[in-house]
Amino acid sequence: MITTARSEFWAGVRAELPILVGVVPFGMIYGVLALAAGLPPLLAQAMSAIVFAGSAQFIGVQLMAAGTPLAILWLTTFVVNIRHMLYSASVAPYTRHLSRPWRWFLAYLLTDEAFVVAILHYEERDADLPDLTDHQVNLRPISYQHYYLLGAGLALWTCWQLSTAVGIFLGTQVPPSWSLDFTLALTFIGMVVPLLKNRPAAAAALTAGIVAVATHQLPYKLSLIIAALAGIAMGVWLDNQTASPLPTPYSLQQEKTP
Amino acid sequence: MILWLTIIGMGIITYAIRLSLLGLWEQVELTAVTHRALKFVPIAVLSAIIVPEMVLPGGTLDLSLGNGRLIAGLIAIAVAWKSKNALWPVAIGMIVLWLLP
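Protein chains in written order, with this note's numbering: chain A, 1 to 258; chain B, 1 to 101.
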């Protein structure tokens, strides 16, 4: 199939659109919660542009409201966002031929939502090529596929900034009795439940939840870090017991949603 | 000023993670074990946020049927399991929470 930079870009934008339906309320809720936590509107908006990571922003504003020391807040940000290293590793084979400014800008756009769309596209395209071993991957024909990630990423970026702005605008008019803070948990339920496809995943979730409740009296949501580590440890331990020999090189195939 | 510093620090940390293997250490490949461990990060982090929100309303453990957030959360989990669509759990969970006494 002949592609151009422009066609790849718009294909990325189009693939991102259905996901944006879920991002709009998420961004608005962030804006509302940020103001409720006492953040000035300008800072609430700046956070969406500078951090550009929904779940870390939600946790961040809660911790800021609680007067959390910087070191703990930053450590929490690290734990919540470390999953992006997986995305960075998965996209790297497709960006190795690009210039540094390109790679550094695509890294800024590498969110959950843009990654999912782009990696599925790349893997589909790879499947159309003749069998490539891992070493030949770098020899695949020059293409404009990085424009696909650019399109998906910029579509999400624009949507996130605008929905944050709407949330900030509405923020002061939303009464606490609406319990809008609970939408955070519900949003996360929608994200995590589809991931619970096997026993190690379910055990990791359960362990993290129980440890979080057991340690909730620790200051500054330290329970979040402890519970996350406990959940990861449980998941890896069970995974090692049940898994077949380690697949090398790694692939995202197992994570493809049906 | 401290708020700006906080946000910029969060931004640098987040960006450095995203850039790590894409721009900083391109030749490094994750070991299979690291790769596996990273897969559990979103599951563990999100669950550690969700469960306390459901069972600790106001900071004390409440596993009774009178805890609206617990009921709404459980229904949202069932909805998420069935629908695979990220929006329905939010919509139905909030409606349940508002309807409960």
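A hint or two may mislead.
Interface residues of chain B toward chain A, partial, derived using beta-carbon atoms under 7 Å [what the hints assert, rightly or not]:
id	residue
1	M10
2	G11
3	L38
4	V41
5	E53
6	P57
7	G58
8	P101
Far from chain A by the CB rule (all over 12 Å, computed), these chain B residues [said to hold, decoys possible]:
id	residue
9	S64
10	L65
11	G66
Read the hints as simulated data drawn from the structure, not as lab findings.
All of these numbers come straight from a predicted model, not from anything done at the bench.
Even glycine gets a Cβ: it sits at the ideal position worked out from N, Cα and C.
Now the hints, each set against the structure:
1. M10: 5 Å, holds
2. G11: 4 Å, holds
3. L38: 4 Å, holds
4. V41: At about 4 Å, which falls below the 7 Å cut-off, the nearest Cβ of chain A leaves the hint on V41(B) intact, so it holds.
5. E53: 4 Å, holds
6. P57: Since chain A brings no Cβ nearer than about 9 Å to P57(B), farther than 7 Å, the hint is violated.
7. G58: Constraint on G58(B) not satisfied, violated at 12 Å.
8. P101: 13 Å, violated
9. S64: The claim holds: S64(B) sits with its nearest Cβ about 15 Å from chain A, beyond 12 Å.
10. L65: 17 Å, holds
11. G66: 15 Å, holds
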